[in-house]
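Peer 1: If you want the building blocks of each chain, they are given just below.
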Amino acid sequence: MLQSYTYGELDNFSEQSRKKKQKTENPVPLNRRSRKRKKFRVFSKGEGLDLPFFLLIVVVLIIGLIMMFSASYPYAFHRYDNSYFFIKRQVIFALLGLGAMIGLSYFDYHHLHIVAAPSLGVAWFLMLLVLILPSAEGDDAPKRWLELGIFRLQASEVCKFALILFMANWGSIYYKKMKTIKFGIMPGVIVLGITGFLLYLEPHYSGIVICILIVAVMMFLSGVPIIYFGIAGVAVGVLVFIMAITGKLSYAMERMDGWGQALEYTTPEMWQTTWQTRNSLYAIGSGGLWGMGLGQSRQKYMYLPEPQNDFVFAIVCEELGLIGALIILTLFAVLVYRGIKISQRATDKFGMLLGVGLMAQIGLQVVLNILVITDFLPNTGISLPFFSYGGSSLVMLLAQMGIVMNISRTATLEKQ
Amino acid sequence: MGDNFLSGIKARSTVLMFLIILLGFGSVMSRLVYLQIIQGEDLSERAVEQQLSDTAVSAKRGSIFDRNGNTLASSASVWKVILAPAYFENDTQRKYVSENLANILGMDSSEIMELAKKSDSYYQTVKRRIESDERDKILEFINEVSKKYDRLASVIVLEEDYKRYYPYNDFAASVIGFTGSDGQGLSGIEYQYDSYLTGVPGRIVTENDGWGTMMPFEYQQKEDAQDGNSLVLTIDETIQHFLEKYLKQGIIDYKVEEGAVAICMNVKTGELLGMAVENSFDLNNPYEIADENLRKSVEKLSGTQKEERTNELLAKQWRNKAISDSYYPGSVYKVITASAALEEHAATLSDTYFCSGSLVPYEGVKPIRCHNESGHGSQTFAEALCNSCNPAFMMIGKSLGMEKYWEYFQSFGFNSRTGIDLPGEATGLFFNQDGSMGPTDLAIGSFGQGITVTPIEMVTAMSTVANGGYSVRPYIVKQIMDASGNVVETTEPVIKRQVISKETADTMAQILEKNATEGTAKNGYVAGYRVAGKTGTSEKIGQSRKQGKIDYIASYCGFAPADDPQIALLVYFDTPTGEAYYGSQVAAPVFAGIMSEICPYLGIEAQYTAEELEYVDTVAGTYLTMSLNEAFAKVREDGFEPYVCGEGNTVLAQVPQEGSKIPRGGRVMLYTTNDSTKETVRVPDLVGYTVKQVNELAAEYNINISFSGSVDQDEVYSYAQSISPDEIVSPGTVVTVYFGNDDVDDTVM
Chain A
1 MLQSYTYGEL
11 DNFSEQSRKK
21 KQKTENPVPL
31 NRRSRKRKKF
41 RVFSKGEGLD
51 LPFFLLIVVV
61 LIIGLIMMFS
71 ASYPYAFHRY
81 DNSYFFIKRQ
91 VIFALLGLGA
101 MIGLSYFDYH
111 HLHIVAAPSL
121 GVAWFLMLLV
131 LILPSAEGDD
141 APKRWLELGI
151 FRLQASEVCK
161 FALILFMANW
171 GSIYYKKMKT
181 IKFGIMPGVI
191 VLGITGFLLY
201 LEPHYSGIVI
211 CILIVAVMMF
221 LSGVPIIYFG
231 IAGVAVGVLV
241 FIMAITGKLS
251 YAMERMDGWG
261 QALEYTTPEM
271 WQTTWQTRNS
281 LYAIGSGGLW
291 GMGLGQSRQK
301 YMYLPEPQND
311 FVFAIVCEEL
321 GLIGALIILT
331 LFAVLVYRGI
341 KISQRATDKF
351 GMLLGVGLMA
361 QIGLQVVLNI
371 LVITDFLPNT
381 GISLPFFSYG
391 GSSLVMLLAQ
401 MGIVMNISRT
411 ATLEKQ
Chain B
1 MGDNFLSGIK
11 ARSTVLMFLI
21 ILLGFGSVMS
31 RLVYLQIIQG
41 EDLSERAVEQ
51 QLSDTAVSAK
61 RGSIFDRNGN
71 TLASSASVWK
81 VILAPAYFEN
91 DTQRKYVSEN
101 LANILGMDSS
111 EIMELAKKSD
121 SYYQTVKRRI
131 ESDERDKILE
141 FINEVSKKYD
151 RLASVIVLEE
161 DYKRYYPYND
171 FAASVIGFTG
181 SDGQGLSGIE
191 YQYDSYLTGV
201 PGRIVTENDG
211 WGTMMPFEYQ
221 QKEDAQDGNS
231 LVLTIDETIQ
241 HFLEKYLKQG
251 IIDYKVEEGA
261 VAICMNVKTG
271 ELLGMAVENS
281 FDLNNPYEIA
291 DENLRKSVEK
301 LSGTQKEERT
311 NELLAKQWRN
321 KAISDSYYPG
331 SVYKVITASA
341 ALEEHAATLS
351 DTYFCSGSLV
361 PYEGVKPIRC
371 HNESGHGSQT
381 FAEALCNSCN
391 PAFMMIGKSL
401 GMEKYWEYFQ
411 SFGFNSRTGI
421 DLPGEATGLF
431 FNQDGSMGPT
441 DLAIGSFGQG
451 ITVTPIEMVT
461 AMSTVANGGY
471 SVRPYIVKQI
481 MDASGNVVET
491 TEPVIKRQVI
501 SKETADTMAQ
511 ILEKNATEGT
521 AKNGYVAGYR
531 VAGKTGTSEK
541 IGQSRKQGKI
551 DYIASYCGFA
561 PADDPQIALL
571 VYFDTPTGEA
581 YYGSQVAAPV
591 FAGIMSEICP
601 YLGIEAQYTA
611 EELEYVDTVA
621 GTYLTMSLNE
631 AFAKVREDGF
641 EPYVCGEGNT
651 VLAQVPQEGS
661 KIPRGGRVML
671 YTTNDSTKET
681 VRVPDLVGYT
691 VKQVNELAAE
701 YNINISFSGS
711 VDQDEVYSYA
721 QSISPDEIVS
731 PGTVVTVYFG
741 NDDVDDTVM
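Protein chains in written order, with my numbering: chain A, 1 to 416; chain B, 1 to 749.
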C-alpha cells in the first residue's frame, strides 16, 4: 500500500531505514545539540527542510490559488466590480503565510511547549471577543470573525491550532498516565467542552465537528484506550440528540434539512435551502472525466453561491474534471502522508504528536469538505485547506506547515 | 520506555494516516467517481438546463400603408414589467422594491406590495406596455437592486412587446381592423393578413448566469426574429377621406340610423381605392362604443345586461357592412336584368314597353304597381331603365326567363363571395338556394327585390358593366413588403370571367350615362364629368326596426367617366329616417359630391357642355390697388361683371375675395371707399326654384351663385343653399345652391 504513494527518495525514509540507536535523554538537551549542528541551508535532503514536503505545499498552494481565482472572479466582479477582489487578498495572505512558514521552520518547535497552554487561553479569549464585539454583518449573521482593520481573523482557526498544541503538550508530558480517565480523558473533555460551548454560541457547528475530531485524534495518538472513543461517540450522539429535541440546533438543522435532497426538492423552500448543494452537484457532474477546461466553469457564474469559499472544489471538479480532482486529492494525500512520516521521525513525543496532529487536521478538513460539497454530509461550512478563500485559515495553515518543517529539520540527525 | 511511547504514537499515527488516506480519501474519491462519471451526464444536463435560457424574441408586426405610402397602422416597442416575488427574502426587500417600482411606474405601492407577497410565484405582471423612458428607469433600478441584494438580481424582468398605433384613429377602421392584447389581428386586414404581419418570433439561446445575464462564453445560438411583412393597400388615403367625409355628412343630413357604406373601385383591376363604413370607431380604442348616445345608454345599464348590450354594440360597430351586409338591391339591380336581357337578346334597344302604372305579372295575382302610379306610357328599353319603370322590367324579366335570370345572378357574382381579401364576407341570397324561383319571384326579382346582394358584390357587378363585361376580383392589398421594404408579393388583378359582351357593356354604359344625366339618377350627375349610374331604394322587408314602419335602404351605384370607365362607386345608406329616403334623394347627391372630388383628384379631365360652361365656377383674381379702369378690364377678362361701390378711384376691397369660385358672368363688387364695405345684403330663400329663377333672384339681391348638381335641365329645382335665407352678407358673396330633382323617383316595391 505504501509503495503506491512513494516516489524517488521517499523510500529512504521508510521506517526500517531509521532503526538506529537513539539516546534516551530528555528532549531539551537533544534539541539543543541538534541546533548547534544546524547549518543554515534552506533546502536540504539531509539536515535542512524536507524538500518534497516543501514542494508539495507550494504546488498545492499554487493550484489552490489558481483555482480559487478561477472560481471567484465572476462573483467578485458582480459583487465588488473587481474580479481580483478575492485573489488579491488571498495572494497577500499566501505570501504572509509562506513567510510565516519559512520563519517557523527555523523556529525550534520545542519552545512551543511553553506557549501550549496559554495559546489555548488566547484562542478562547479571541472567541469571547468575537462574541462580545458587534458583528459587521448584522445581528443575525454568525459571529466568527474579529475585525482587525485590514483583515479579519477567524478565531476558530487559531483555536484549532491551540487545541492541537495543547493536546500535544499534554500528551507528551503525561504520556504515562494517558490510560487513566483523569489524565487521558478529562483534559480533552474539558477543553473541548469550553471550545465547543464558545463555538456553539457563535454559532459555528462545523467548527465544533472539526474540534471534536482534532481532540479525538490527539487523544488517540497520545495513547487513550480505544474503548473510550466508543463511549465518547455514544455521548456525542446523545448530546446532539438532546440539542435537537430542545430545538437549539436550529441553525444547523436548517442547513441539514435539505441534506441529500438537493436534487429531489419538492417545495420552493427546499429548493432555496438546497440551492448551494444542488449547484455544487451540478458543477461536479458537469466536469465529467476531463472537465470543461480551466476557467470554463459555468456554475461559478452566480449559480453556485460564494464559490470562493467552502465550495471551491466543486468548481475545480467542473473545470478540471475527475482527473484533475483525483490528482489534487492525491497531492493532498501525499502531503498528509509525507507530513505524518516526517512527524514520525521526530525525536520526541511532543514533536511527533504535534506534527501528526497538524497533518491529520489537514487530511480531515479535506475529506470533510469534499464530503460536504458532494452532498454526502450536511452543508456545514468546512473550508478546503489551501483552496478556500480566507486569510486567517491560510496563514494558520502555512504557519502550521512551518512547524512540521521544523520537526523535519530537527529529525534529520537520525539519517546519518 | 520513551521508545515504547514514541513507537506507540508512531504506530497509532500510522493507523490514523491509513484511516485518513484509505478511508477518508478513498471514500471521497469514490464519491467523486460516482458523481462525475456515473451521475455526470444527468447532472450536467440539469446544469445545462438551468444555464441555457431560451428567450423568445418577439417579431415586430408589419405596418400597413395606403397606396401612396401613408402609414395607416404601425407598431412600436413597449415593455412589460414582470415581478418574480419568489426571490424576496423578507418584507424589507419587498417594501424597497414595491415603493421604488411604484415611484417609477406611477402606481400605488400597496398594489405592487400585494404582488410581491405572492412568494411562490416567478411571474407577476406589474404593468404592461411601458414606453422607453420608463423602461430606462426600470433598468437602472434593476441594476441598483442587484447591487444591494444578491438574491434579487432577477426579481424584476422586462419583456419586450409591441404596441399597435393607428395614426388616423377612425379612418378606414373596418378595413384596417385592430389587434388584440397579444398583438394578434382581430378584424379587417389585421386579421386577414395576420400571418404576414406577425412575422416569425426569433429565439436566443444563451448561457445565462444565475442572475439571468449572459455569461462571457462564445456559446450563443441566435435565430433572429423575422419582423412581419408590411402591406401596401390599394386604398388611396385621399379618396378614402372623400368617401368618409361625404358619408358622415350624409348620415347627419338624412338622419341615417344604421350606417352607410361607400366603395370606390378601379373597374379594370378590382383595386379598391376606398371603402368607407360609417359610423366608424377609433382603432386605437376599439372597445369603446364610438357613438356617444349609445355609450351613455349602455352606461346606465348594469350587470350581465350591460355586458350583453356592450358586446352587441361592439360587434355591430366592428362589422364591415360593405362586405358583411346583404340587402335588397332594388332598382340598381335593373342594370343587371337589363344587361342580361340585352346579352341574351331577350330585349333589344328598339323594343317598347308600355306602363300603365301597374302590371299583373301573370294571371291570378294582384297587380304590382309602378312608383309612377299614372304610368310611364310607352317607352323604349333605354327609357324604361331611365324611368326605372317596374312594369317594363317585369316584362323584360319575363322574356329573359327564370333560367337565364338565375344564370346571370350567378355569373355577375351575387351567388358567391367576390373573394375580396377581407374577413367576414357574406354572399347574396337567391330566392331558393338551388336557383329555382316562382313567377312572382321572377317579376319582383327583375327590379331587384326578393334577392339580396352585398355592397361589394354590387360594386363589382357594376364594374363588370363598366369595364367591358368581365368580372374582376376586388382586392385591397396591393403589395406585401418585407421588413426592409422589398416587395415580396404584388397582387395581380384576377379576371374571373367574361359575363357580358363588350358590346352589351358599352350599350349599358351609354344608357346609364343618359340615366345619370336625364333619368332618375340625374341627382348623381357631376357637371363636366360623364357619369353613369343607377339609383336604388329598397324596403328592408322583415328587417325594419319597428313593426308597421318601413325602413329603407337608399343606394346609388355608378361609374365614371362613361366613355372610358375607370372607377365604380357605390353609395349605400342604411335606414335614412328623414323626409327624403329615396336613393335619388339621399344617395345620389352624395355620389355626386364624392365623384366631383375624386374625378379631378384622379386627373380625369372635365368636359363641360356649352350650357354647363355657363355655370362652371371660375376663380376670382385680385383687383386690389388697381385703378377702376384697370380693375374693370381685369374683371371682364376673368369673365365676371364688375360693380362699383363708393366714390373713389382705386379698388380698396373686393367681394368675392381672391380665390373664391363664382360662375362665369358672376358679380364682382369693387369697393373704392373704406366705409363702403359696410354695405350689406340679405340672402334670399333660393330653394325650390329653377336655375333661371335662381339667377334672377341673385341679380336682384346682388349675390353670387355657385351652381351644384345637374343644372343643364329646365325641370331641375334647387333643394338646398349653403347660406341660410335672411342671413346678412356682403354684396357679391357666393352662395352655393344645390340642384336636383326629387319629383322623378325610382321604384320602391
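It should be emphasised that the hints constitute simulated quantities derived from the structure, not laboratory data. Being a predicted model, the structure only gives us computed values, none of them experimental. Take the hints with a grain of salt, since some may be wrong.
Said to hold, decoys possible - Mimicking DSS-like on lysine-lysine, the simulated pairs with C-alpha atoms at most 30 angstroms apart in a straight line are: (1) Lys88/A with Lys148/B; (2) Lys514/B with Lys496/B; (3) Lys88/A with Lys147/B.
Peer 1: Now tell me, hint by hint, if it's right for this structure.
Peer 2: These are the hints, each one checked on the structure:
| no. | hint | in the structure |
| --- | --- | --- |
| 1 | Lys88/A with Lys148/B | holds (23 angstroms) |
| 2 | Lys514/B with Lys496/B | holds (29 angstroms) |
| 3 | Lys88/A with Lys147/B | holds (21 angstroms) |
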